[in-house]
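This note's numbering puts the first residue of the sequence shown at 4, with every later residue one more than the last.
Simulated from the structure, these hints should not be mistaken for laboratory data.
For glycine and all other residues, C-beta sits at the position ideal for the given N, C-alpha and C.
Don't take each hint at face value.
Simulated pairs of lysine to aspartate or glutamate, EDC-like, Cα-Cα distance not exceeding 20 Å [to be verified]:
| # | residue 1 | residue 2 |
| --- | --- | --- |
| 1 | K880 | D612 |
| 2 | K610 | E883 |
| 3 | K526 | E791 |
| 4 | K838 | E883 |
| 5 | K526 | E692 |
| 6 | K694 | E932 |
| 7 | K398 | E364 |
| 8 | K666 | D612 |
| 9 | K694 | E657 |
| 10 | K398 | D442 |
| 11 | K778 | E788 |
| 12 | K796 | E531 |
| 13 | K568 | E578 |
| 14 | K666 | E623 |
| 15 | K398 | D632 |
| 16 | K884 | E692 |
Here are the in silico distance ranges between beta carbons for each label pair [stated by the list, open to error]:
| # | residue 1 | residue 2 | range |
| --- | --- | --- | --- |
| 17 | A753 | P264 | 47 to 55 Å |
| 18 | A448 | A402 | 18 to 26 Å |
| 19 | E697 | G588 | 15 to 23 Å |
| 20 | G441 | A352 | 19 to 27 Å |
| 21 | K370 | D775 | 56 to 64 Å |
| 22 | R738 | A795 | 32 to 40 Å |
| 23 | G355 | G201 | 25 to 33 Å |
| 24 | E394 | E536 | 29 to 37 Å |
| 25 | L737 | R787 | 16 to 24 Å |
| 26 | H371 | Q422 | 38 to 46 Å |
| 27 | A795 | R319 | 56 to 64 Å |
| 28 | E570 | H371 | 39 to 47 Å |
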Amino acid sequence: MGCNLSKNASRDASLPSEEAGTFELETAQQESRQLAFKLEQEIHLLRASQQESYDLQQVNQDLTSELQQLRASQQESRDLQRVNQELTSELQQLRASQKESRDLQQVNQDLITELQQLRASQEESKESAHCTNEPEMERKPEQPECQEKSVDLEIPPPHVDESLLGEEQRAALPFTTGMPFTALRDFLAEHASRLAQGLTTAEVCDSLVRPVTAASGCSYLELLHRRGDRVGPASLFVSHAWQRPFVETAEAVLMLQQTEPRPEEVFLWIDLFSVNQHASADRSPGWWGTTLAEAICGIGRTVVVLAPFHEPVQLRRAWCLYEMFRTAQAQGTLQLQLPPAEEAALAEALRGGSFDFTAWELLVDMKHAETSDPTDRTGIVEAVQGSGGVEEVRKVVVAAVRCWLVNRGRLALAAMPCQERSSSALIVRLGSLLRDLGDLDPAEALLREALEGRHARLGHHHPGCAEAAALLGALLRARGRLCEAEPLCREALEGRRTKLGADHPETLLALDALGSLLAELGKPAEAEPLYREALGARRREGGAEHADTLQVVSSLAGLLRDQGKVEEAEPLCRETLDGWRHKLGSQHPQTLQAISSLAITLRDQGKLDEAEPLYHEALEGRRARLGADHPDTLSSIDALAGFLKARGRVSQAEGLYREALRKSRVEPGPGHLNTLAHVNNLANLLMVEGKLGEAEPLFREALDGYRQMVGGQHRDALMSCNNLANVLCGRGELREAEPLYREALGGYRALLGEDHPHTLACISNFAGLLDDQGKHEEAEALYREALECRRAKLGDGHLDTLHATHNLVIVLKKQGKMSEAETQSRAVLEGYRAKLGTDHPDTLAAINALAVLLRHQGKLEEAECLYREALAGYRVKLGEKHHSTGNSANNLANLLKAAGRCAEAAAMYDLAAAAFGETYGGAHAKTLESQAQAAQMHRLAKADEEAEQQVQVAVAEEHTVAEFAEEQPAEMGVKDRADTFVTEEQAKPVSAEGPGSSLGR
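Could you build all of it, start to finish, from the sequences and the hints given here?
And the structure:
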C-alpha cells in the first residue's frame, strides 16, 4: 500500500509543470480576444466617424447649393428692382409725356377756341362796318346756322406729333403691333347693340372706329396702347372682306382661341384696328402692296376668314388673294377659317353630298378679282407680275384651298356611319380631290372603297358604280397601271351607256377615256371606232367647231398618225388647227398645240420643208404667250430640236436641247418629270452623235429620277431602262446591258401586255443584244416573235412592221441566209415606197440597206444603182451635210474602192468626210476615217498605171475589211435601233403635244 502511494505521489509531483503551460495559453487567448474586441471597437468608431464625414459633406453640399440659390435669388431680386426702377422711371416719363401731350392738346384747343372767337368777332366787325358805311346797298341774307357751323369743320383735327411720344408709343405704330383676343372680345361687347344690326366691316369703320379715333387722329390700336391696354408684336395676320358683317369675321377669329396652345401670347393684326383709318386713303396701291407684303412676311402667319361657305366672297377679292399669295411666297403659315354658322353648314353639305369641291377653285381669278377701287386691282396685278403673275397666284391659292377642303372632307367622312360611306358622294369627290393633289395612295384607297361598297349595295349597273369606276380607272391610268385601268373604263362606259344613253355628256367622257386608254395600251384597232363614235356624237351635239368636237378630232388624228395612217391624219390636223384659229385666235395655247401636231404629221410624211415653219411658229407663239420658261415652251424647243436632228442639223439641235434642259433644271427643278424627259432627249441626241460617254450619265440620271419619282415599274422608268441598255450596248458593255433589257422587257410585259408596241420594241432591242453577243439564232427567234405580233396587230404595210422586218434582215444576213434576207429586204423597200414615197428618209435608208445586202452577194451592178439612188435622194431631201448623206456616200465609196475606181471613190469619201465633219465634228472617228480614205484614194488616182495595178491587187486583198466597215454607217443598223424610245414625242412633258400623242417608234 505504501508502494502504491509512492507511485501516486510520484505522478502528483509532475502535475504543476503541465498546468502552468495551460494557464499561459489561456492567458494569451484572453489577451487576443481583448485585442480583437478593441480592434472591433476602433473599426466601429472609424466607420461612425466616416459616416459623420459623409453626412457633413452632404450637409456642406446642400448648404452650398442653397447659398447659390440664395445668391441667384438675390441677384434676380436686384435685377427685378433695377427693372422696376427702370419701368417706374419710364412710366414717369410716359406720364410726363402724356401730361405734356394733354397740355398741348388743351393749348391747341384753347387756340382753336380763341381763333373761332376772333373769326366771329372779325365777322361781326365786318357786318357792323358794312351796315355803317354802305347803307344804300342791299343787305345779303344771313347764312343759316348749320352752314355757319361748317366753318368749324374746316379746321383740321388736332394732330399728335410723333416726336412727343415715348419710345414704346412710337414703336406701336401700324404694321408692327397687334391686339389680343381679349381686346377683340371687349370691342364686340362694347358695341354689341350696334353690331347686332349686321354692320359690315366698312360700316364699323365709318360709324365706330373713325369717330372714336378722330380726336387723336391715330389708329384704334394706338388708342388702346395710349389708354394702357395690352398690345404686343403681331403674330397672326387676319385677311377678310370688308363687305361682310364684322361680327362674322370676329367670331371666326375668336374660334382660333380655342385651339391655340397659348392664346394669351397671340396678337391679332386686323387692318380695321391696326391701320390709321384717317390716313389710309392717301396711300397708293403700290405702297399698300409693298407694306402688306413686308408685314405678312414679318408676322409669318395668316388666317383668311371665308364666308359664305358655298361661295366665299374672299376668293373673289383681289386683296385677299394677294395676302394669301404673299403668305405662301414668304413660306408662312396659311390658315382658312369659317365663322361658326358657316362651319356647321359646310359640314352638313359635305355629309349630304351637295358640296362641290371645285366650286371654290372657279372663284379664284386675280385678273378679274373685285376691288373697291379699280385702280387697286391694276396695282395688285402689277405687283405680282414679277412673281409668276396672276396664274401663279391662282396656282398657290387653289393649292391652299384644296388642302383645306381635303382636311374638312376627311373629318366629315370619318364622322359618317360605315354603311353610308361607300355610297356617299363625299367619298368619290374626296378621292378625286386627293388625286388632283397628287396624294395617290389615299385617293386610290377611297375610290376602291367606294366602288366595292357600291357594287355590294347598289349592283354593278348603278350609275354610282360607273362614276366610281371612271374615277378609279383614271387614277390607275395616271399611275401607269394601264391594264388594271382598262376593265374599269369599260365598266364606266357600259354603265353610262345603259343608264344615261349613248349621247349623254357623261357617256361621251367615258367614251373618250376608254378610247385614249386603248390607244395608250397599243390597241389602235379597238380605239379607232370609239374615237369615231365619240366624234360623231360631238358633231351632232355641239357642232363642228365646238371645243369638245375639236378635242376629239385632234385625238383621232393622233391615233391615225400612230398607226402610220398619216395621210388620213393630215386633214384632221388641219381641221383642228382651223377650228382653234377661228375660235380662239392664232396665239391661244390650244391653237399652238394644234400647230405642233400638224408639224409632226407633216414630218412623218416626209414633208420636211412644210413642217419646219410650223415648228418655229409653235415655239415663237408659246414664247410670246406663255413665256420663255413655260413647260409648253420648253416642250416646243425639244420638238424643234428633234426635227432639226432628223434633218441633220445636229449642232443646232444640241443647243436647243441644252437650253430646254438648263431652264427646266431651274423651274420646275432637277427631279421633275418634265426635266427628266429633257435629260432623256439630250442623251438620245448625244448617242446619235456618237458621244456615248456623255450620253450614259444622262440616261442614268433619267432612270434614277424616274425610279424615285414614279417607281421602277412605271413605263417612263422602263423606257429609261431600255435607253440606258441601248447606250451600254453601243459602248460594248453587253453584260451590264442585258439585265436592264430583261428588267424593261419584264416590266412592259406585266404592265402593257405581250403585244404592246413598247413591249415589242424592247423585244427587238433585246434581240439586238443577243445578236451582238453572237447568239444569232436566239436573236432571230425574238425578231420573228416581234415581227409576227406586229403583222397580226398592224398588218404587213405598217411602218412598225417594216422596221421589224428590217431588223430580221440584219440577223439573217449575219447567219448567211442571204436568199431570205434579200426577199425580206425587197419587201421592206416596196412597203416604204408605197407608204412613204420614194424620197422619204426611211425609204432611202431601205434602199441603202438593200444595196449593202446585194453587194455582199456580189451583185455589184444592182448594188451600185441603189447606192446612187439613195445618195441622190439624201442630197435632195436632207442636204449635202446630213449624216445620212455621209453614210450613203461612204457606202458607195467602199464599193467603188473595191472596184478599183479610185478617183470616183475619192470624191465620195470627200463628200462623206464633209458631212461627218458638219454633223459630228472634225475630231470624230467617222470624219477622220473618211478623210484618211479620201487621201489614200487621191494618191492612188494620181499614181502611174503600174502602181495603180499594184494597188488594185492590195484592194482586193482588203475586201473583207472593207465589207465589215461598210455595214456600220448603214442608216438602220443594229446600233442605231429603230426601236429606241427616245424621240422628242416619246419623252416630252405630258402637256407637250396634246391628246393622241404617244411614244414614238
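Here is what the structure says about each hint:
Straight-line distance between C-alpha atoms of K880 and D612 comes to about 9 Å, which keeps the hinted pair within the 20 Å bound. Straight-line distance between C-alpha atoms of K610 and E883 comes to about 18 Å, which keeps the hinted pair within the 20 Å bound. Of the pairs offered as hints, the one joining K526 and E791 holds, with about 16 Å between alpha carbons and a cut-off of 20 Å not exceeded. This hinted pair does not check out: K838 and E883 have alpha carbons roughly 25 Å apart, beyond 20 Å.
Between K526 and E692, the direct Cα distance comes to roughly 34 Å. Violation of the 20 Å bound is thereby established for this hinted pair. In summary, the hint linking K694 to E932 is supported, as the alpha carbons are separated by about 17 Å, within the 20 Å threshold. For the hint linking K398 to E364, the alpha-carbon distance of about 10 Å falls within 20 Å, and the restraint holds. A threshold of 20 Å between alpha carbons decides the hint, and for K666 with D612 the separation of about 29 Å lies outside it, so the pair is violated.
Taking the CA atoms of K694 and E657, the gap is near 12 Å; set against the 20 Å cutoff, the hint holds. Under the criterion of a C-alpha separation no larger than 20 Å, the hint pairing K398 with D442 is consistent with the structure, at around 17 Å. Only pairs whose Cα atoms come within 20 Å are accepted, and K778 paired with E788 is accepted, the gap being roughly 16 Å. Pair hint K796 plus E531 holds up; C-alpha atoms about 14 Å apart against a cutoff of 20 Å.
Simply put, K568 and E578 have alpha-carbon atoms about 16 Å apart, close enough for the 20 Å limit, and the pair holds. For the given pair, K666 sits about 16 Å from E623 by alpha-carbon distance, which is consistent with the 20 Å threshold. The hinted pair formed by K398 and D632 meets the criterion: a straight-line CA distance of about 17 Å does not exceed 20 Å. This hinted pair checks out: K884 and E692 have alpha carbons roughly 14 Å apart, not beyond 20 Å.
Checked against the hint of 47 to 55 Å, the pair A753 and P264 passes, with Cβ atoms roughly 51 Å apart. The hinted range of 18 to 26 Å is satisfied by A448 and A402, whose Cβ atoms lie roughly 22 Å apart. For E697 and G588, the Cβ-Cβ distance of about 42 Å falls outside the hinted range of 15 to 23 Å, so the restraint is violated. The hint said 19 to 27 Å for the Cβ distance between G441 and A352, and at roughly 25 Å that hint holds.
Under the hint 56 to 64 Å, the C-beta atoms of K370 and D775, about 58 Å apart, fit the expected range. In this structure the supplied range 32 to 40 Å holds for R738 paired with A795, their Cβ-Cβ distance being about 34 Å. Remark: the range hint 25 to 33 Å for G355 to G201 is upheld by a beta-carbon distance near 27 Å. Against the hinted window of 29 to 37 Å, the Cβ-Cβ separation of E394 and E536 comes to about 36 Å, which satisfies the hint.
Look at L737 against R787: about 22 Å separates their beta carbons, and that is inside 16 to 24 Å. Checked against the hint of 38 to 46 Å, the C-beta distance between H371 and Q422 comes to roughly 45 Å, which is consistent with it. Between A795 and R319, the C-beta spacing of about 58 Å keeps the proposed range 56 to 64 Å intact. Against the hinted window of 39 to 47 Å, the Cβ-Cβ separation of E570 and H371 comes to about 45 Å, which satisfies the hint.
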